[in-house]
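Participant: Residue strings, one per chain:
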Amino acid sequence: MPNYSWPPMDKRRIMGQRISRLDGPVKASGRAKYNSDLNPQGLLHATLLTCPHAHAKIKSIDTKPAEQMKGVAAVRVISKEGTEIQWAGTEVVAIAAETEAIAIDAARAIKVEYEILPHLVHEHDLAAAGTRARASGETIEGDPDKAFADAEVTSEGEYGIPVITHCCLEPHGSIVQWSGDKVEAWPSTQNVSGFPGSLAQPLSIPATQIHVHMDYMGGGFGSKFTADRWDVEAAQLSKAAGGRPVKMFLDRATELTIAGVRPSAYAKIKTAAKKDGTFTGWQSQTWASGGFAGGGGLNATLFPYVYTKVPNKRINHTAVSINAGTQRAWRAPAHPQISFLCCSALEDLAAKLEMSSLDFFLKNADLTIRPDVYRAQLTKAAEMIEWQKNWHQRGDKTAGPIKRGLGIGVNTWGGLGHASACRTTINADGSVAVDLGTQDLGTATRTMVAMVAAETFGLGIGQIKIGLGDSRFPVSGASGGSTTIGGVTVSTRKAAVNALGKIFDLLAPIMNVPADQLEAVDGRIQQKGNPSKSMTWLQACAKLGTQTISETGENVPRDAPKEGLINQGASGVQMADVSVDIETGVVKINRIVAVQDCGLVVNPKTAESQVFGACIMSCCAALTEERVMDQTLGRVMNADMEFYKLAGIADIGEILVHMDITPEHDKKGIIGLGEPPAIGGVAAIANAVANAIGVRVPMVPLTPKRVLGALSNRRMA
Amino acid sequence: MNPKDEGKKKRRSAFSRRGFLQGFGAGTGVLATGVLAPEQAEAAPATPVQGPGEVAITLTINGKPQNVKVEPRATLCDTLRTALDVTGAKRVCDRGTCGACTVIVDKKVVYGCTVLAIDAAGKRIETIEGLAVAPKLHPVSKAFWDNDAQQCGYCTPGFVMAAKGFLDRNPNPTLEQVKKGLGGNLCRCGTYVGIRKAVLQAAKEMQGGRNA
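Protein chains in written order, with the numbering used here: chain A, 1 to 717; chain B, 1 to 212.
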């Protein structure tokens, strides 16, 4: 059995270095071709006619006016007469035409009659949900009733975080060409290897006949795992149009209406503690909606977030079905919501105890699953945000309208590598190819693969040709749940070690050194520790003559933890320092700090970028981001980017990131990083606002209206 | 620019989003850059009606005249991307909010989705493709790479062009000016920390180049 383990931390030449991403130059120069950029010969442009009603039955569809228009190539009814539609934006007809403008004109010309049915699009008022609300059972641990009866201090609060959308800048969609018995697809997807399988069934052709290509993609965040209805329709339109390629990417309004949302989460929470700050009891009644199917995914085992070992708890959840677009995974599914609900309730309890929330989180660290890690991270983050100097009891008592406060949010995540296979090829000319059916979403997967291969072969990263984004490469998992880094680094490492083993076997008799005594360093193959007995990489590969080495490596998640290359269980802490103008209600972020562990860090530069990005996403969700539904119209009122607001470059304050890079963290192996830092930021910001203004703003995003509302309730109380 | 084009531009500007923003004092970050410089809503002389069918125009893109037939309703962004296969500028919000389609027209930074292609005829259009010839990188692009100011990269070409236009007017900006100057572009992955550093680095390098 070859030794696949990582070189010792102090012996690594490339892994652990701050390396600029390989695709940086093509992306920063506009030369990177995303699939939505492609204009293949004979391209047709497609669009969707969608339903404007939240709940309706289709009485009739007349597509003739569209079919008769000049330039229209194919029209397909997706939702037939009699279909009951459950949310506005549902796809009704797909049209392909010579130009996008003609396709849009044709969609407008189609006449659809609906029987409009009653709808519900709001879930924040659980009492109004009636039969649309489904309780999903109660979880009890310990004796919560006794804990609350015995409690020296209790706190109660209500909290809410609305539905948000993924708002991928490259919209969902694809170019598909179905000619003869073959389908070529250029989608925007997080799952290159799995895309043929999800397209095969609806098209009724074997997945082996479907070939997927994707070099770059413009954001997914959990919403682009499978082929969607529009991808299927693009294929069908292509077939109907005689095999011409069809481009179907959603317009912005449709993207924000039906291409996935993060579920909301609302809660009534009660907490109990001893006077000394010992956390003793938890009770939460939560409700949420992820669209028509209800959902919400607020797993009871995650409550109270990170502090799950609190001895007494009662947890209830109710899923509410509404007539709105369906939930999809959203960077750390359910965790940001649960972190926000729970950390807010714990901050309120700490305030009731007149205790610093830092002290409360530290004091109760033994109730977390990784007490030592959280203790160290809380301490580090507190130092970075100057907690001791800046913290005050709830409510900034200084004069003037600007109130400043500090808050904490915590995160936890699994992040074990997914199944991944990789093929490494070494040619006699010394060139090396590493191919795997993964994808680079902007997380620098391409760069990580190159770093691992280069480390193993003793070459520079520029000497490795990376192939990904092609479904004909060895199968690699979907990029979701922070599973990619673990999967691709293990499969790449194993394939490279296996290929190197073949080179060693070949050279052993030639160099008169046993194969297991050879090593690859600095572009040479040499006897271990003896550069005088060596051969350059080129000389070594030349010995291959007419042969080519091709070896595979595989990550099997079940076996991975015992192999020691990768692991699961990331921890992190975010803290926020905010200023709130209590006259205008405007919240300004001064500073956010993030301390994050993800085991062995392959590339600190791009890892930090992941954390910066996650903190910035948290700023959006905490301050501006919210899908607004109108109960009368039943529609999304802000399916655009003026009113579906993302933070801009001036809105995020100063962000400081500290990656835990130590021998102790390193020896855990590689752990996924995408999700965890996207979790705690909303709680940190919301808690900082409560600390600043002296009152809890129950609902995020913390708009001026909500901040002023919370302040005026207090004054009235 | 011929007087005809000038007239068209002025007529359009009376109803443009930038005029609206200006009037209501919103989008100060953008205005401060000169990206959305004040335009006067003057009464315009009558101009001949174009369309509704396709019309032949010439767009001067990165110094090269290119003939193209477009419907008068086609935006500059769509015309570049689809008819001319110039795809650095991306279509994201498609209504003048996110800046992913940022290009420079007659030295002014504009959103390509809010300019009609026919209005851009006869003007100097600069796109990211014109910044440097592959494999060379413009200092702004290089600074974005060095500072990891991109993840998925879909907003990046727009940001690079906005930064280029901003630095042309503000060669030696402070961090605060950078924050205001690039307020007209949005990123979803959250690359602003890198972008701030990148623009400051590019400013230094471009100045260095000039003074050297």
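Think of the hints as simulated: they come from the structure by calculation, not from any bench. Possibly wrong hints are sitting among the right ones.
As the list claims (entries may be wrong) - Have a look at the derived ranges for each label pair, beta carbon to beta carbon: (1) A:Arg108 - B:Lys69: 21 to 31 Å; (2) A:Arg375 - B:Leu175: 45 to 55 Å; (3) B:Glu176 - A:Lys146: 50 to 60 Å; (4) A:Gly130 - B:Arg95: 32 to 42 Å; (5) A:Ala293 - B:Thr58: 45 to 55 Å; (6) B:Glu176 - A:Gly130: 24 to 34 Å; (7) A:Thr584 - B:Glu176: 13 to 23 Å; (8) B:Leu175 - A:Thr546: 37 to 47 Å; (9) A:Leu633 - B:Arg95: 16 to 26 Å.
All values reported here derive from a predicted model rather than from experimental measurement. We treat Cβ as the ideally placed atom computed from N, Cα and C, and that holds for glycine.
Participant: Does each hint fit the structure? Answer for all of them.
Facilitator: Do the hints match the structure? See the list:
1. A:Arg108 - B:Lys69: 21 to 31 Å: Roughly 23 Å apart at Cβ, these two residues keep to the hinted range, so it holds.
2. A:Arg375 - B:Leu175: 45 to 55 Å: At roughly 35 Å between Cβ atoms, B:Leu175 and A:Arg375 fall outside 45 to 55 Å, so the hint is violated.
3. B:Glu176 - A:Lys146: 50 to 60 Å: Check passed, 56 Å falls within 50 to 60 Å.
4. A:Gly130 - B:Arg95: 32 to 42 Å: holds (38 Å)
5. A:Ala293 - B:Thr58: 45 to 55 Å: Distance hint for A:Ala293, B:Thr58 holds at roughly 53 Å.
6. B:Glu176 - A:Gly130: 24 to 34 Å: Violated - the Cβ-Cβ distance for B:Glu176 and A:Gly130, about 52 Å, lies outside 24 to 34 Å.
7. A:Thr584 - B:Glu176: 13 to 23 Å: Given about 20 Å between the Cβ atoms, the range holds.
8. B:Leu175 - A:Thr546: 37 to 47 Å: violated (59 Å)
9. A:Leu633 - B:Arg95: 16 to 26 Å: Check passed, 20 Å falls within 16 to 26 Å.
When held up to the earlier numbered hints, the structure conflicts with 2, 6, 8 and fits the remainder.
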